[in-house]
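> The hints should help you fit chain B onto chain A, whose structure is shown.
Chains as they are written, first to last, in numbering that gives the first Met the number 0: chain A, 0 to 396; chain B, 0 to 225.
Think of the hints as simulated: they come from the structure by calculation, not from any bench. Given the structure is predicted, the values throughout are model-derived calculations rather than measurements. A hint or two may mislead.
Said to hold, decoys possible - SDA-like mimics (lysine to any residue), calculated; alpha carbons at most 20 Å apart, straight line:
| id | chain 1 | residue 1 | chain 2 | residue 2 |
| --- | --- | --- | --- | --- |
| 1 | A | Lys384 | B | Asp78 |
| 2 | A | Lys384 | B | Tyr15 |
| 3 | B | Lys139 | B | Gln151 |
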Amino acid sequence: MNLLRLTWRNINDSAFRSWVVFLCALMLAAFAVSGTVVVGGAQKSLRLALERLGADVIVVPSGSETGVENALLMGRPVHTWMPASNLEHIAAIEGVDTVSPQLYLATLRGATCCSVPEMFLIAYDPVSDFTLRPWLEEHIEDGLHMGDAVGGSFVYLPAGQELIYVYGYGIDLRGKLEATGTGLDQSMFFTFDTAHEIARLSTTQAEQELIIPPDSISSVLVRITNHSDPRVVADEIARRVPGVTALVSASLFQTQRGNILALSRSVIALLGIVWVLAIALIALVFSIAVNERRRQLGVMRALGATRRTVLVSLLSEGAALALSGGVVGAAVTAFAISLFRNLIMDLMGGPFFFPNPFQLALLILEVLAVTLVTVWIAVLIPALKISLTDPAIAMRE
Amino acid sequence: MNAQPIIEIQNASKTYTSKNTQVHAVQDVSMSIDRGEFVVITGRSGSGKTTLLNLVAGLATPTSGRILLDGAEVWQLPDREQSRLRNRRLGFVFQFPSLMPSLTSLENVMLPTMFGDPAAREGARDRAVQLLTDVGLSDKLNAYPRQLSGGQQQRVVIARSLMNQPDLLLADEPTSDLDELTEQEIMGIFRDIHQRTGITVLLVTHASELEVFGTRGVRMAGGQIV
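So here's chain B without its partners, still in its complex pose:
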């Protein structure tokens, strides 16, 4: 395992302001994640874990502090470079249903290639079929999201997150809407992917019992690491 940090969070804070109220979602958080780690961040609802994940992903702007991805500060990059970085180096699994309802499973998995280098589209279909097969959905290639169960939809999302062979997989409460059995299956897929590919995984969840699937557990409360 390469010990060089892939992510460095330095005194990051995020405050949401609405009319007369301010919400300090993340307060002065510092941590680093090494390449190849599987970090599980746990905490109750409102603890700031999803916001921290969004800051790492470059999906939300930090109010203060720095987020470094392989030494580069994401929010200092122009939009085009940020998007390129997200497309090529990051894979996302969201808590909510994030598949495009008008696209089939196969098309959803291939979607990230649409926003990247045109050369990467070569062989995209074969790779997408393989990824869907890996997550056990080889018979659902042409199914639309509405024709899939919640667990099946999350499997498609996992397959999509791996389409561009990212360095870092970010998962936000990927099992929150699933029953216990499906939750175990999905977490098993994450562990399998991590062990098989050595990809760095940052997963946030409110379920502390899922910490065991990772190589390191981090707890958050009140916007801070505890």
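Next up, chain A with everything else stripped away, as it sits in the complex:
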């Protein structure tokens, strides 16, 4: 016979009390995990998307801002073009340090010449690029050659194939970038040369020709000089280059930021309400249960249990219920979020970064700690009260 066993027996013996505390802990953990994973993951996604972009300002044809943002965030392909000569005009503007053009393409839907339907494809200029270069220097020393590509973390080779076919052209997937939780994870990057070669061969190899308008680009990524203000530079670009919109990176994805802010406020408010209700309910139910067991606890004191033993015994019961409810709530919620991730993204209108197993385990541990402290706060007052009561008074009817 030991305290652990007695705790377990008491949990089983007070079924109603135990279920209420268990369910409160479960709900609290579920809210905490879902709120943190979805809101925290959405914020992280935006941050990683901006880091992947690596530019201070992104210049796109006027009217295509939303399409480009959706492409970068959700991986929904966008077709937008502007004259390549814009590159020189932008480079000449004061405060601009580096410029690099990109082409936005997409695979075909329902065509046998493409391994994956509607994949967002980004072609970059290897000479001027500053977004992929740091990663490539670290992971692929000789860089990407004709026919090579790197993919987002969710780009896989089709089963049984060694190449990914785009407009009938076989592309060698040389590596995969770290996850961002955005549409970029399902996109593929290759050089301008590869893009033009795909377009050239598509006339004979693909079900439909890939058209890249001559002397055209989709966007210009701009890195500004030190001490320059990106807003001033963006305004200057918009003023001097006709037909383009210059988006400051820090101001990108405003719709998604607004959604996340509103969601995070709702989650915090809801979490606060759930937390207070959980404490109140657990405290009430535990008080009733302790009152019902006053005699038992008085007898325990008469048999030699110290005040501390009684307190520890009740806190142990609370801890066991908090941890079991917390584990179930956190694990089931994490599993459900991973299962319904796409649905949640659609409802939110934006992506979110799903944590890796280590981060998830850490989060669950943090949530369990919060759940445990919550239950202990609720249990502490009735437990302290009974442990400080004279045994004779505790044993009286």
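Leaving out everything else, chain B in the frame of chain A:
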């Protein structure tokens, strides 16, 4: 029989206060109990006998006066020492059903060892089985309290009270809820334990006819010894 007092009660009083009323449960009681005595305190309901027992056991704080157990004042000890004293030196039999409903008879009897010295847990199971056998419940080791009659439950409580081989056995109306036959059986067990082990017994009851089971009778009324 060793004549050295095991309990000395010196001018002990206990007053319960609730809102506007005060109840003087025990008033200025002094008495001593020698080691090896079997003292039966009798009195009507509300006479203060249970409160006096609780004061002796250290389960209630005296409003005034002193309670000495082997010369040591129980309420001057810190909680840890008080609990240790109750665990090692006192055995309790209560009027109400005091078994833990979630534990079997055997586990209930072993319960006091959980709060004491871990070394005392060695052989606890064998001792608990022996005690349950002594009170005639060798076939009820794994029965839960709800599966036992009132008399059987009190036998388990008596076995539990002896688990740590206490110096003093305190019994509060141990037969009040039992029929006459069972009452005689339970009182017989107390007398047998007293005669066999020489343990000091302090038993309170409203039934004055049970005085004959003890070596000394004490009567209480209105919170005082009469």
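> Given the proposed pairing of B/Lys139 with B/Gln151, does the C-alpha separation stay at or below 20 Å?
9 Å, holds
> Under the criterion that the straight-line Cα-Cα distance not exceed 20 Å, is the pair A/Lys384, B/Asp78 satisfied?
Holds: A/Lys384 and B/Asp78 sit about 15 Å apart, inside 20 Å.
> Are the Cα atoms of A/Lys384 and B/Tyr15 separated by 20 Å or less?
Status holds; Cα separation ~19 Å.
Checked against the numbered hints listed earlier, the structure breaks none of them; every hint is satisfied.
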